[in-house]
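In the order they appear, the protein sequences are chains E and L.
Sequential numbering of the first sequence, starting at 1375, is according to the numbering used here.
Sequential numbering of the second sequence, starting at 1375, is according to the numbering used here.
Derived from the structure by calculation, the hints contain no laboratory data.
Every residue, glycine too, gets a C-beta built ideally from N, C-alpha and C.
Honestly, I wouldn't trust all of these hints.
To be verified - Listed next, with one range per pair, are the computed distances between beta-carbon atoms:
no. : chain 1 : residue 1 : chain 2 : residue 2 : range
1   : L       : 1760      : E       : 1747      : 22 to 32 Å
2   : L       : 1424      : E       : 1752      : 32 to 42 Å
3   : E       : 1602      : L       : 1782      : 52 to 62 Å
To be verified - With a straight-line cut-off of 20 Å between C-alpha atoms, the simulated SDA-like cross-links for lysine to any residue are:
no. : chain 1 : residue 1 : chain 2 : residue 2
4   : L       : 1753      : E       : 1779
5   : E       : 1919      : L       : 1487
6   : E       : 1380      : E       : 1476
7   : L       : 1657      : L       : 1589
8   : E       : 1657      : E       : 1712
9   : L       : 1510      : E       : 1399
10  : L       : 1399      : L       : 1420
11  : L       : 1753      : L       : 1836
12  : E       : 1753      : E       : 1718
13  : L       : 1510      : L       : 1759
14  : E       : 1399      : E       : 1385
15  : E       : 1753      : L       : 1763
Protein chains: 2
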Amino acid sequence: MRLNLKILRIDLTGRSYAEESLEAKGPAGGRYLTSRIVREEVPPTCDPLSAENKLVLACGPLAGRGISSAGRLSVGCKSPLTGGIKEANAGGTAADALARLGWTAVVLEGRSPQWVVLVVDREGVRFLPAPPYLNKGNYEVARRLREEFGPEYAFITLGPAGERKLWASGVAVSDIYGRPSRIAARGGVGAVMGSKGVKAILLAAPRGETLQPADPAEAMTAKKEFHRIIATSERTRVLAEYGTAETMGLVQALGALPTRNFREGRFEQADRIDGRALYNLIKERRGAGRHTERCMASCLIRCSNAVPGPDGTEIVAPLEYETLGLMGSNLGVGDLDAIARWNYYCNDLGVDTIEVGAALGVMAEAGLVGFGDVAALEKIILEIYQGTIVGRLAGMGAGFCGLALGVERIPVVKNQAISAYDPRGVKGTGITYATSPMGADHTAGLTVFAPVDHHAGTGQRELSYRMQLSRAAYDALGLCAFLLSATGPHPETVTGLLNAYYGADLGPDYLLRLGAEVLALEVDFNRRAGLPETEEIPGFMREEKLGPYGLIWDIPSEELRDFWRDLPALGGSSCD
Amino acid sequence: MRLNLKILRIDLTGRSYAEESLEAKGPAGGRYLTSRIVREEVPPTCDPLSAENKLVLACGPLAGRGISSAGRLSVGCKSPLTGGIKEANAGGTAADALARLGWTAVVLEGRSPQWVVLVVDREGVRFLPAPPYLNKGNYEVARRLREEFGPEYAFITLGPAGERKLWASGVAVSDIYGRPSRIAARGGVGAVMGSKGVKAILLAAPRGETLQPADPAEAMTAKKEFHRIIATSERTRVLAEYGTAETMGLVQALGALPTRNFREGRFEQADRIDGRALYNLIKERRGAGRHTERCMASCLIRCSNAVPGPDGTEIVAPLEYETLGLMGSNLGVGDLDAIARWNYYCNDLGVDTIEVGAALGVMAEAGLVGFGDVAALEKIILEIYQGTIVGRLAGMGAGFCGLALGVERIPVVKNQAISAYDPRGVKGTGITYATSPMGADHTAGLTVFAPVDHHAGTGQRELSYRMQLSRAAYDALGLCAFLLSATGPHPETVTGLLNAYYGADLGPDYLLRLGAEVLALEVDFNRRAGLPETEEIPGFMREEKLGPYGLIWDIPSEELRDFWRDLPALGGSSCD
């Protein structure tokens, strides 16, 4: 089949916009579209913060239809952090709004001479002056936008870190309560939005309206079946109870929990910051605390939470496992209140908690601050607001920070911080870090929930490969990765939805084909950008044994050679 | 003709070495050989500071033969500063010694687990422990090496900056007086030597011995003619009297003198630091001062000098124009003593004065230090020794420094600092910065001495192209670029030498063909490393008018497109 995807191009340089149709072979959006447009239109060797780069924001083909967990917003560009192609996605309200406005993607091009706020509605695009919002944190900007425009607008905002084009800066998407707390965090996509001079994008989201399927009866059946599988999944139940924080127990047991700049694999205070500790804290303090919340309107997984302070007021929502790992154990910090507070600051600044946590770990490695020294660590985070040198280094990420400080143990791949799964203890995820076009990004192919021996080397290559394809497919459909544990084994439930809504006739193999196509686009872009296809896990992980299992990174480099050899061939300028 | 170049490969990882022959089409060495080996053997996407990179040190085909200005040593690798291929060359004694030992190049491969000093003589290579020399400046290391090994050794040393792998670190070569002051300074070649774990290389140079030509009678005639042309050149006379400092008058007149981080094109105190001021200071103070000196044994140009302090003792030797520009006018400093002192510190640390001067300018731009504040600027330079964050930023160069401090006006191309010729006022050199595989490196194709209107845009592309080919050819022959003003118009004098020494029959067109071949190798490496062929001059130079002529960078990007289209095609793995 052939589909026409509707694209809204906004030229910031000339303050104009245009509609366009882009043909696709089947229903796809999200990461497929961001990577396709970046690959076809962005010069791979350009400066990522120049006007030549583009920022693409795309929803999936099932957004805006009241389907659970189908409203992820993909944000894609050439990354200033990795120098390669990037897609980071977030939940919240923007993807649904975009879909209801009739767009699959908004493409930001050029560079505005003055900072602007973009308002996109059925009438078109307005360019408003941004000065009233500049140098203000995401929370204040969100509150003011909501006051001025009303709650029917979804918004995408840039924090002070993105205004300053820090490489760890992300793009914040409003959740269903108006919090700017769903962050497309990784790879410096915020710096690219900043380089375009865009402080915020508002999307008018007509309430109640949903998009009509090609076959309404079939759609209702397909949606019901999809929802039934999600609702009856054991993993969904766990996520609703403990959130992603629950993962800490598993990773601690594997001896793969980043602890004190990836020096140890278990944290002696893990039980103070794990899923149960967080659950108990929320239960005890009550107030604004919630152990389960949606970030997208129709979500049945509800992995989010809201963390109350001692007085019951909200500190941050949500608090997730990777933040607990990188800003907790990795910094020797066993203090949930501190981590929640830092998460709030990072959301407000619009920076990636993983990258900043890893950078702080590198600073502690350099002796600039002590592991576990909550007050000193907090001071550095607050210095990101002030723009001191140390604050800026924290906001530029672990790799840059390590170069500036002369640290040898830098936990990055493609200059991007390794997430809360030490590759020595979760080998398949290590292979993902080494081979993903995204760099060390667990969301590109997390293997830790697969029922395999994560310490063993055998079979991990195939596992990582499969996971990367699955994740890419879900990202290309705007589907939340947390669905995978429920619907992953039932691809026909996903294609069932696509068939019903688009009048298509896709077999369940569509997903892996789509994932492969997305990766082919990305691998091709990176090759032309001069990035090695496979990048080594940091050398210290081959040498230093990680306790308590004495794990090292022992996957031979040769085993990862030609990792992507089976991807489909691409046409010269189009992926179709 | 076919020549066999003798190569010495040193494997640092395994502490072994091997001899090897490399076939070449004609007499060539230096930058031809460094770029050829780097292109053929270094994975273009590798981490420049990993064991995969190689450091190649090569002399030209006329070294060690008592020929004037023919003993430049080329140092090549993948650059940590630019991410592309790099060749930096220096005078001094090492190239002659290498040639007399029978080698055209030494290739450092792998990475030594412990720091070593390499001693190369007719018996082979010895690996000595480096600890007694570590963390010591080049001058102390040079003095001790000379004491321990004797003055018959030429040496190549690494300062503390290279040990710490700072991106502005270079490689120091001993001059004929044993000073470690001839620096292959640009592109971070020192960091690559540091990443290999090599603190110093000693080359036994049997005294008095010269290499025999194929046709001794013809060689004597050719050498005489070559020397006659050099000795009678007007430019040679100027260089012997005022050194390169003389250039400041010309660039000041053009309104292209980097002043206060490239904000102005003329420096109101230029007459305190220009060629005449330096000449007068040397004449008045006498003592150890010299207004002319050789850096290579047989040099007839003698552009070097030695700067005496108020008490007559030597501050530094030599002091050159680019240092006066970047550490003087660019920092608002009109104090010759201070600049000479800073030059000494930079030589001792082993860092590029151009890159550090530009980084200090960026720091002043950020308000970290005041322009013209000699004491505060000196404090930062001394912090490079101490390894403070600010000291490290200065040693990482202008681009990194600008990112760390959030400065927008960063005078770099390919992340390398623009030299002492503002591209707005010397357009041809600006085109060299934008197109050279080396980044903003005036030595790759300086046009300022050509008799053209340097402010006009027309004809500059062709001028830069020709100069880049000529420079590449001279670099490939180990010839000093300062010869060009004398022998440039007489290529037959150079090929006359090559023919006599190598029994060849080369026409004068050999030079440009050789230059084109070198550039083809480099452009190809950079393409595969993911660098854009042409990189824009910094945006602020298109916008800000440079006084007093109101100059902007106005060469259209399109004019530089396909700049290298006429280079020769290369074979897959060999340039031959």
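Each hint tested on the structure:
1. About 23 Å separates the C-beta atoms of residue 1760 (chain L) and residue 1747 (chain E), a value consistent with the hinted range of 22 to 32 Å.
2. Between residue 1424 (chain L) and residue 1752 (chain E) the beta carbons are some 36 Å apart, a value that agrees with the proposed interval 32 to 42 Å.
3. Our hint of 52 to 62 Å for residue 1602 (chain E) and residue 1782 (chain L) holds, since their Cβ atoms are close to 55 Å apart.
4. Annotation: proposed proximity of residue 1753 (chain L) to residue 1779 (chain E) holds, straight-line Cα distance about 18 Å (limit 20 Å).
5. Restraint check for residue 1919 (chain E) and residue 1487 (chain L): the C-alpha separation of about 19 Å stays at or below 20 Å, so the hint holds.
6. Distance restraint check for residue 1380 (chain E) and residue 1476 (chain E): the Cα-Cα separation of roughly 7 Å lies within the 20 Å cut-off, and the hinted pair is therefore satisfied.
7. Of the supplied pair hints, the one linking residue 1657 (chain L) and residue 1589 (chain L) is violated, its CA atoms being roughly 44 Å apart against a limit of 20 Å.
8. This hinted pair checks out: residue 1657 (chain E) and residue 1712 (chain E) have alpha carbons roughly 18 Å apart, not beyond 20 Å.
9. Proximity of residue 1510 (chain L) to residue 1399 (chain E) is assessed by CA-CA distance (about 64 Å); at most 20 Å being required, the pair is judged violated.
10. At roughly 29 Å between alpha-carbon atoms, residue 1399 (chain L) and residue 1420 (chain L) are farther apart than 20 Å, so this suggested pair is violated.
11. For the proposed pair residue 1753 (chain L) and residue 1836 (chain L), the alpha carbon gap of about 44 Å is over 20 Å, so the pair is violated.
12. Distance restraint check for residue 1753 (chain E) and residue 1718 (chain E): the Cα-Cα separation of roughly 14 Å lies within the 20 Å cut-off, and the hinted pair is therefore satisfied.
13. For the hint pairing residue 1510 (chain L) with residue 1759 (chain L), the CA-to-CA distance comes to about 10 Å; that is within 20 Å, so the pair holds.
14. Under the criterion of a C-alpha separation no larger than 20 Å, the hint pairing residue 1399 (chain E) with residue 1385 (chain E) is inconsistent with the structure, at around 27 Å.
15. Proximity of residue 1753 (chain E) to residue 1763 (chain L) is assessed by CA-CA distance (about 17 Å); at most 20 Å being required, the pair is judged to hold.
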